[in-house]
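Chain order of the listed sequences is B and V. Position one of the first sequence corresponds to residue 1162 (my numbering), numbered consecutively onward. Position one of the second sequence corresponds to residue 2 (my numbering), numbered consecutively onward.
Worth flagging that the hints you see were computed from the coordinates, not collected in a lab. Take these hints with a grain of salt, some might be off.
To be verified - Straight-line alpha carbon distances no greater than 30 Å define the calculated BS3-like cross-link-like pairs of lysine-lysine that follow:
#: 1; chain 1: V; residue 1: K88; chain 2: B; residue 2: K1263
#: 2; chain 1: B; residue 1: K1204; chain 2: V; residue 2: K48
#: 3; chain 1: B; residue 1: K1302; chain 2: V; residue 2: K220
#: 4; chain 1: B; residue 1: K1215; chain 2: B; residue 2: K1327
#: 5; chain 1: B; residue 1: K1333; chain 2: V; residue 2: K88
#: 6; chain 1: V; residue 1: K220; chain 2: B; residue 2: K1244
#: 7; chain 1: B; residue 1: K1247; chain 2: B; residue 2: K1215
#: 8; chain 1: V; residue 1: K33; chain 2: B; residue 2: K1327
To be verified - To spell it out: a stretch of chain V is covered by chain B in this simulated footprint if at least three of its residues, at any positions, have a beta carbon under 8 Å from a beta carbon of chain B; those stretches are:
#: 9; region: 19-31
#: 10; region: 157-166
#: 11; region: 169-181
Just so you know, even glycine gets a beta-carbon here, dropped at the ideal spot from N, CA and C.
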Amino acid sequence: MRRLVLLLGMPLLAACNWTVEPLPANAPMGFVPVYAVPDSVNKIASTAARPTNKPGKIYAYTNYLFQVEEATGIHIIDNAVPKAAKKIAFLRVPLASELAIKDGYLYTNNVNDLVVFNLSNPAAPALVKRVPDAFPAISQKHPPFTNVFFECPDPAKGVVVGWEQKQIANLKCRR
Amino acid sequence: MAPITGSAVGTGGSMARFTIVGNYLYAVDHSKLKVFDISNGADPQLKTEVAVGFEIETIFPFADKLFIGSTSMVHIFSIANPARPEKLSEAISPTVMRRCDPVVAKDSVAYATLRTNGPCGGVGSVLAVFDIRNITKPVQRLTIPVREPYGLGYQGNTLYVCDRNQLEVYDISQPFNPVFAGHILNIEPVDVIPLGNVLVVWTRQGMSLYDIAAPQQPKLLTTIH
């Protein structure tokens, strides 16, 4: 009987220890930080309409619809006649994920900056304001999940703009 | 192509992290609610930062309230004083503790999808119905099992819920007792914006527009990919 108790107790002890141990080589999935490429992140431009590859958030304003192209920019759609709604332009805003509009001004995020566009010409929105570091969309310290292992971010490598799920060994950070 | 002029606030979906109410832009990053005064639209001024909690994901405005979805609860704020949001309460589901949960609300009721698949954790996804008549003490009244829900939106007495490979339609004439009224198949919906006679749907391929002149029978108008 005593032996049985010991056997049952062992996995419990192991479970208590596991927070301080790095994962073994046959590691399960963990997360690694994705860093912004410094030269590309501020390149904002109005361009021709383009196909949707990674559709993101949607927004409606007057006769127009908007859809984020994840991490890339915003599709601008003329919705005056819904059954014939069509893209009219693409606003390139690297690492954009959000948008909202009031009184002809579009607010979105360019990496961690809040940026404002004048929509007087919806086919060519004009950048009118940048508020640096106003919107850190994601934590710079850890992935947006708990009970996961991850590669500890290195601030020297730049701004963390995402987390990629990977099968990777020896991840030292955990939350 | 008409120029965009005039005074108006647009409409976002239930997965939004930005929302505008009156002269203020409310933005939720991973842990904070930030309030920007946009009285001068071209020059937003940061007014307040409020620590909300962990893993904030969405923000939805209704009247003078903000409903902020996170992976563990819905935080409810008053914006009676728009520059200084004040926390009123938390809506917590006793059914599903770990999940991702966009939320929408109307007068007496809040609807949240509690998705437990993938890294969100938890077991068993549901559509949760909260009684918010006493805004300081939200109470879960009902849960409806769903598959893998994402965004949701309502207009009048109809609630649209994005689920795995289908868009579900509920009759919410009785707000605390949504009644399944049908579904659209052959679609991978993520979020919706009901916009008068048009339902805007964010799909895995882009965007689809449906005619909802008959609210419970959406008819495909076009897709924008």
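Evaluated hints:
For the hint pairing K88 of chain V with K1263 of chain B, the CA-to-CA distance comes to about 25 Å; that is within 30 Å, so the pair holds. For a cut-off of 30 Å, the pair hint linking K1204 of chain B to K48 of chain V stands: about 28 Å separates their Cα positions. Distance hint between K1302 of chain B and K220 of chain V is unfulfilled; the C-alpha atoms sit about 45 Å from each other, more than 30 Å. Using a Cα cut-off of 30 Å, the hinted pair K1215 of chain B and K1327 of chain B holds, with the two alpha carbons roughly 20 Å apart.
The suggested pairing of K1333 of chain B with K88 of chain V is violated, with an alpha-carbon distance near 36 Å, which exceeds 30 Å. For the suggested pair K220 of chain V and K1244 of chain B, the alpha carbons sit about 11 Å apart, so the restraint of at most 30 Å is met. A C-alpha spacing of about 18 Å is found between K1247 of chain B and K1215 of chain B, which places the hinted pair at or below 30 Å, so the restraint holds. Taken as a hint, the K33 of chain V and K1327 of chain B pair is honoured in the structure, with Cα atoms around 28 Å apart against an allowance of 30 Å.
Three residues within the 8 Å Cβ limit are the bar, and the region 19-31 of chain V against chain B gives 7, so the coverage statement holds. Counting residues of the region 157-166 of chain V whose C-beta lies closer than 8 Å to any C-beta of chain B gives 0; at least three are required, and the coverage claim is violated. Here the region 169-181 of chain V counts 0 residues with a CB under 8 Å from a CB of chain B, which misses the bar of 3, and the coverage is violated.
Violated hints, in rising order: 3, 5, 10, 11; the structure is consistent with all others.
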